[in-house]
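Enquirer: Sequence:
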Amino acid sequence: MFLLSEDRIDREKVTADLKEDQAGALVVFEGWVRNHNQGKSVNSLEYQVYAELAEKEGKKILDESREKFNLHRAIAVHRFGHLVLGDTAVFVGTIASHRDDAFRATRFIIDEIKLRLPIWKKEHYTNQAPEWVYCRDHTTHVHFEEKDYYEKQARLIDSACLSRAKVLVVGAGGLGCPALMALATAGVGEITVADFDHVSLSNLHRQTLFTTEDVGEKKATVARTRLSLMNPFIRVHSKLKRVEADNVASLVSGQDLVLDCTDNFESKMILHDACFLAGVPLISASVYRFQGNIRTFLPSEEHGCLRCVFSATPDDSLIGNCNDFGVLGATVSTIGSIQASEALEFLANQTNSTIRDTFYLDLKTLSPMKLRNLKRADCEGCGSRPDLGKKNGTDSITDAHRPSEYEISIDEVKSSDFRLVDIRREDDAVLDRLRESLAADESESEGALPSPKWVVYCHRGIRSKKLVQAQRAKGFFHFYSLKGGACSL
796 MFLLSEDRID REKVTADLKE DQAGALVVFE GWVRNHNQGK SVNSLEYQVY
846 AELAEKEGKK ILDESREKFN LHRAIAVHRF GHLVLGDTAV FVGTIASHRD
896 DAFRATRFII DEIKLRLPIW KKEHYTNQAP EWVYCRDHTT HVHFEEKDYY
946 EKQARLIDSA CLSRAKVLVV GAGGLGCPAL MALATAGVGE ITVADFDHVS
996 LSNLHRQTLF TTEDVGEKKA TVARTRLSLM NPFIRVHSKL KRVEADNVAS
1046 LVSGQDLVLD CTDNFESKMI LHDACFLAGV PLISASVYRF QGNIRTFLPS
1096 EEHGCLRCVF SATPDDSLIG NCNDFGVLGA TVSTIGSIQA SEALEFLANQ
1146 TNSTIRDTFY LDLKTLSPMK LRNLKRADCE GCGSRPDLGK KNGTDSITDA
1196 HRPSEYEISI DEVKSSDFRL VDIRREDDAV LDRLRESLAA DESESEGALP
1246 SPKWVVYCHR GIRSKKLVQA QRAKGFFHFY SLKGGACSL
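In terms of our numbering, the sequence shown is residues 796 to 1284.
Bear in mind the hints are in silico, worked out from the structure with no lab data behind them. Just so you know, even glycine gets a beta-carbon here, dropped at the ideal spot from N, CA and C. Any given hint could turn out to be false.
[As the list claims (entries may be wrong)] Mimicking DSSO-like on lysine-lysine, the simulated pairs with C-alpha atoms at most 27 Å apart in a straight line are:
| no. | residue 1 | residue 2 |
| --- | --- | --- |
| 1 | Lys942 | Lys851 |
| 2 | Lys947 | Lys916 |
| 3 | Lys1013 | Lys1036 |
| 4 | Lys947 | Lys854 |
| 5 | Lys1159 | Lys942 |
| 6 | Lys916 | Lys961 |
| 7 | Lys909 | Lys947 |
| 8 | Lys855 | Lys947 |
[Said to hold, decoys possible] Label pairs and their computed distance ranges (CB to CB):
| no. | residue 1 | residue 2 | range |
| --- | --- | --- | --- |
| 9 | Asn922 | Leu848 | 45 to 53 Å |
| 10 | Gly826 | Glu946 | 53 to 61 Å |
| 11 | Glu946 | Pro1163 | 45 to 53 Å |
| 12 | Ala811 | Asp858 | 18 to 26 Å |
| 13 | Phe1105 | Gly1074 | 19 to 27 Å |
| 14 | Ser836 | Gly1049 | 30 to 38 Å |
| 15 | Gly1049 | Gln948 | 21 to 29 Å |
| 16 | Gly881 | Gly1124 | 28 to 36 Å |
Take the sequences, apply the hints, and build the full model.
Expert: Dropping the structure here:
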């Protein structure tokens, strides 16, 4: 809420509106009328304002602060008219889950108000005529020049070229964190972070954008705040959503480049297919234990696509992820940084090393390897008769990646009589044991009790989907898999 006021600001009344149970910090700034400025004796101030434009711009500043700093609420009030010594000229109040966000947001708001609002100040002095003054000491919340920020990389890459680029990074995890930091500090002009997950304590050893204070917060929101602080000259957006067949096209649209930093094949295939249909370059990276690989996919080039390798989406349960086999922060940091390096090279020169060859690196033995990217002639994605996007007259992304009938969302669980089964720390035999127990109960009750509907969930819904598939193959159709796993709860 942004307000202009000719009357004195009632601090208690304004602060009363800054209360919310989710907030853990309140920060208030008050700008007062003082009795001196640059050696002159001041006895009062006078503010004139272009009200319509100031209110519009003030609201925009508060909206930006909420987006940048993960605020719950922000209020700013600016006086106009004649003010005497001790009066509050401007009030800014913010509330957030953490004090750091509230501190930084409050500073941002007052600096932007000084810079952008059409408000003019006249100082009235004790022994001389009044003067209109300009707050030149606070013209921006950034107190340095953009060219100085990029000075050390200027001989290596065209910062102006990077500043015009729009990049989507899907996944703010072990790969996404180093990639995002490298892109942001290099000066990629507009970055969108897409991730639906929350920060957990087990993320922190490898996901270096986050701290213990961020546990429980949305990764994309925290990442946006951190990146904006690292480089105030770029724009960072967050999308708090899981990449799925029905939303991926809107995420990819308008981007110059997409980075796939996800950790499962389903997301990788959805993202790959969408980029090929939209004609957007994609750089994909993966990590398995101490090994990683990076590959760039260009829809217009003759070096094949992901469907040349996998005509159908591979089963993640056959490979596993960091929850199953572990991961080191140094491994994902290295691979994510190489992925970002390939992205910067591509943005600057429209080419890079992984268009022609997939790069593999074993961090345990420091063994690099390149494998030529080959095109399959009959590939449905890029072959001589591609049918991506043409199946039955519908978008093949939606068709090929449509959720299985035994996958249900958390909203469906809430609206129906389901029972949840957590298998994150259980072995694969847990459903067999549960089914046998249920069968015994039904036998004792002589079949009088109906079979309950059980919703099984793991961390991301990958292993649970595989286990439920196996149970249904045996004829037990009252088992379901929670779409998105525990991350959707």
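Enquirer: Name the hints, by number, that the structure is in violation of.
Expert: 1, 2, 4, 5, 6, 7, 8, 9, 10, 11, 14 and 16
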